[in-house]
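S.K.: What follows is the residue order along each chain.
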Amino acid sequence: MVTIMKKYYDVIRFALKCILIPAAAVFVIYCLNKPYKPINDQKYLDVAKFSSLGIQYTQVQVGNLGSSHGAYNFDYTPLTERGFSCFNFANTSQSFNYDYAVLKEFGSYMTPGSVLFIPVSYFSFNNEVTNAEEAEAMSVRYYHCLSPKNIPDYDPFIDIITNRLPILSAGEDIVKLFPSLQLSIIALAAENEVDTAVFAARAQERYSRHFDNKKEYFLPERIEDLYNIINYCKEHDITPVLVTTPFSKYYRDLVADEFLNEFEETVTKIANDTGVNYYDYSYDARFRGNLTYFMDADHLNTEGAVYFMQILMEEVPELQKLL
Amino acid sequence: MLFNSVSFGIFLIIVFLLYYIVPHKYRWGFLLLASYAFYMNLHLWYGILLFLTTGLTYILAISFEKAKTPGQKKRNLLLGIIPLVLILVFFKTANPLISRINDMIAAGRLSIQPFTLVILLPAGISFYFFQSMGYLIDVYRGRTSAEKHFGYYALFVSFFPQLLAGPIGRADALLPQYKKERPFNYENVTYGLKLMTWGYFKKLVIADVFAITVNTLYDNVYSYVGLAFIIVTVMFAIEIYCDFSGYSDIAIGCAKLFGIDLMTNFKSPYYSFSIKEFWSRWHISLSTWFRDYVYIPLGGNRVPKWRHMLNLLLTFLVSGFWHGSTITYIVWGALHGLLQIIETLICPKGKPRKKHFIMLPVTFILLCFTWIFFRANSIQDALWVISRLFWDASRPLNYLKTAAICLPLSYFQIAGRCLAVLVLAVYDYFALKCDVIKEFSKQKFFIRFPVYILLLVVIALFSPKGVATEFIYFQF
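Those sequence lines, one after another, are chains C and W.
Just so you know, we're using numbering that gives the first Met the number 0 here: the first sequence kicks off at 0 and counts up by one.
Just so you know, we're using numbering that gives the first Met the number 0 here: the second sequence kicks off at 0 and counts up by one.
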């Protein structure tokens, strides 16, 4: 009897410890996670803008999707000054599948009759990022702004370690919980002058990022994503407009003619199939050689983006109709 | 199913709970079933090969006792050993051979189409083949009797904690344990869990973190020079130790949950004063296997001096080949053999060996040098690393600066890694004198519990997240 009692005593003791010790560890992790969460949110400031939808922006009249070409090349100042509600849904390296996810999540904030610019870049029918690690790092930000049902290839494990319990993926960032331990970082002063050699080098770098290590430039699933975006717009009375933003000649001249022909064919076919207009500013004379409008080889600076918006206001009938 | 995967965690909890519910007389069967499920989860045909190996060695071991003449007995032994060795050699050499043929085709020396054929090396084959061969030889020598119960024998070969990467067990130590009644033992089970946690700490917090830096440099050696190679080689020495000893701790701890004691595989190996001592502390189950079944049958040290040296060299060449048939492993094995020969010549048998403290870092440096060959992807890579170790060392500031650029580690990352190594060094130092876990378990609960919780928190916070990384020794 005593032996049996002892046996069960040991089992209960063991079971209790097996529960209590991991529970205590989970509690410690939870306690560390609480102050770390706001620090972690700083990493995803680019998607923090979406939190203003529904508060500051409820009836968006003009918007755009896209990657960094959408994020930097659309400056709505000329429209907001005229009282229009505009929103930039673009994020760096955002591919069509994420454009579609963003649209499904926040499309309801676009007012009926609104205009949505869909930037089509040379890498749009593939992915700008091909490195698996970088792609994963890029996809993580959407766990902070989209609901699981809209996140492409949603992975609950990533959700837990990067969003719900980000302390688990903090690594050395954990030191940020203790500000007194942090080292100050000296920021380098930005170069203001336009240096053509720097532009050319940057253009080569950007070209390599967009074209190297890719077997197929026109993936069927990306084409389908674009059709989905357009269909979504039509179903919700939003006017989609396909547009390729201006590039400097240093970037554009690197692109092979065969690719440009195939790119144009693909976009034209989609435009024709869906009845959507396509505007190509990639080699626009007003921009291509005028480096003062560019931040780098394929991104406009603020001045360039405002100028580009003015051009769109004058030349895009869909937008003119709204104005 | 890797030890560091979530699926293994779930599998282990289920098997552990059911194991103590199942009546004793059926437990061997339950463990056998669990072991095959564990193994066949990796690949279906792995289980078939495991079963065939078990069947062959079981029948041959029994046949020894029925053999009428020593010649017949020997023939039966060779019938078991030769196929196992040939299969092992086939699996070890096939892929490097195919890749060499493809290289020759690509270089235009053979006028045929390149082919893509990859021979899948069954996980753990080197370990359970060695365990089975050891059993056969032991029965042949009469050291142990042939196991009549096929189930117990099959469990001896396939017991899942040790199946993939050892420790390579001996029949006389393991078989009686499978037959003995093993009720739930609190001390045993908690000890097992603590050892597993320590193993996970070594694997996830040290080995996997170090691997990121080591792989970056060793997979692109031609992009780096100088001190960075010295640092990553030391890091690799720590990585492989933590990876493999971490695995062994998990395996031993896991077996303890079922009341089975596996043999110790590591005893603070980097606290060795000689290469010979290192091999008595490193991968003990394999080194004793080579000692008992290769070195001693060759004559060991009870032969003329030149023959003794040759025996040492041959044993380590075989050990190198066991790790892989590529030239880097062979050179690694040969270097260990040569270093042991030099040690034997400097310090002949019978003379007392004085443990001078300087021998500790000297041994470690020599070991690190041999690890270069073990880790490098090719002999050319290894030679490049060696030739660039002291690149620009005449300008110390530049030497340091280059290393800082090559190793993209922040101060916090460096401090974190140093702290983890310090914890490891302290643990291993005390492990030389006592059973650290047993001694620590005697402390008051308010000392023990925070340490256990801290260890779990550190593992959760600082282990790299994502796909579970394979243990290095799974490839052998």
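Think of the hints as simulated: they come from the structure by calculation, not from any bench.
Bear in mind that the values here come from a model prediction, so they are computed numbers and not experimental data.
By construction, the Cβ of each residue, glycine as well, lies at the ideal position given by its N, Cα and C atoms.
Incorrect hints may have been included.
Far from chain W, some chain C residues (derived; all Cβ distances over 10 Å) [claimed, not checked]:
id : residue
1  : ASP9
2  : CYS17
3  : ALA23
4  : LYS148
5  : ASN162
6  : GLU171
7  : ARG201
8  : PRO219
9  : ASN227
10 : GLU317
Simulated coverage check for chain W against chain C, where a stretch passes if three residues somewhere in it have a Cβ under 8 Å from a Cβ of chain C [what the hints assert, rightly or not]:
id : stretch
11 : 222-229
12 : 403-416
Derived pair list, reagent style DSS-like, types lysine-lysine, alpha-carbon separation capped at 27 Å [as the list claims (entries may be wrong)]:
id : chain 1 : residue 1 : chain 2 : residue 2
13 : C       : LYS175    : C       : LYS148
14 : W       : LYS354    : C       : LYS16
15 : C       : LYS148    : W       : LYS400
16 : C       : LYS33     : W       : LYS464
S.K.: If a hint holds in the structure, say so; if it does not, say that too.
M.R.: Results for each hint:
Consistency note on ASP9 of chain C: stated as away from chain W, yet its beta-carbon is not over 10 Å from all of that chain's, at 4 Å minimum. Residue placement check: CYS17 of chain C does not keep its beta carbon more than 10 Å from all beta carbons of chain W (closest about 8 Å). Not every Cβ of chain W is farther than 10 Å from the Cβ of ALA23 of chain C; the closest lies at roughly 5 Å, contradicting the non-interface assignment. Look at LYS148 of chain C: its CB is around 23 Å from the nearest CB on chain W, clear of 10 Å, so calling it non-interface holds up.
At roughly 13 Å from the closest C-beta of chain W, the C-beta of ASN162 of chain C stays outside 10 Å, upholding its exclusion from the interface. At roughly 4 Å, the least C-beta separation between GLU171 of chain C and chain W is not larger than 10 Å, which violates its mark as non-interface. Every C-beta of chain W lies more than 10 Å from that of ARG201 of chain C, the closest at about 22 Å, which supports listing it as non-interface. In this structure PRO219 of chain C is separated from chain W by more than 10 Å, as the shortest Cβ-Cβ distance comes to about 26 Å.
Annotated as non-interface, ASN227 of chain C keeps its C-beta farther than 10 Å from every C-beta of chain W; the closest such distance is 29 Å. Against the 10 Å criterion, GLU317 of chain C stays outside the reach of chain W, whose nearest CB is about 44 Å from its own CB. Closer than 8 Å: that is the beta-carbon criterion, and the stretch 222-229 of chain W has 0 residues meeting it against chain C, so the requirement of 3 is violated. Three residues within the 8 Å Cβ limit are the bar, and the stretch 403-416 of chain W against chain C gives 5, so the coverage statement holds.
Proposed proximity of LYS175 of chain C and LYS148 of chain C is contradicted: the alpha carbons are some 32 Å apart, above 27 Å. The suggested pairing of LYS354 of chain W with LYS16 of chain C is violated, with an alpha-carbon distance near 44 Å, which exceeds 27 Å. Between LYS148 of chain C and LYS400 of chain W the alpha-carbon distance is near 49 Å, which puts this suggested pair outside the 27 Å criterion. A C-alpha spacing of about 20 Å is found between LYS33 of chain C and LYS464 of chain W, which places the hinted pair at or below 27 Å, so the restraint holds.
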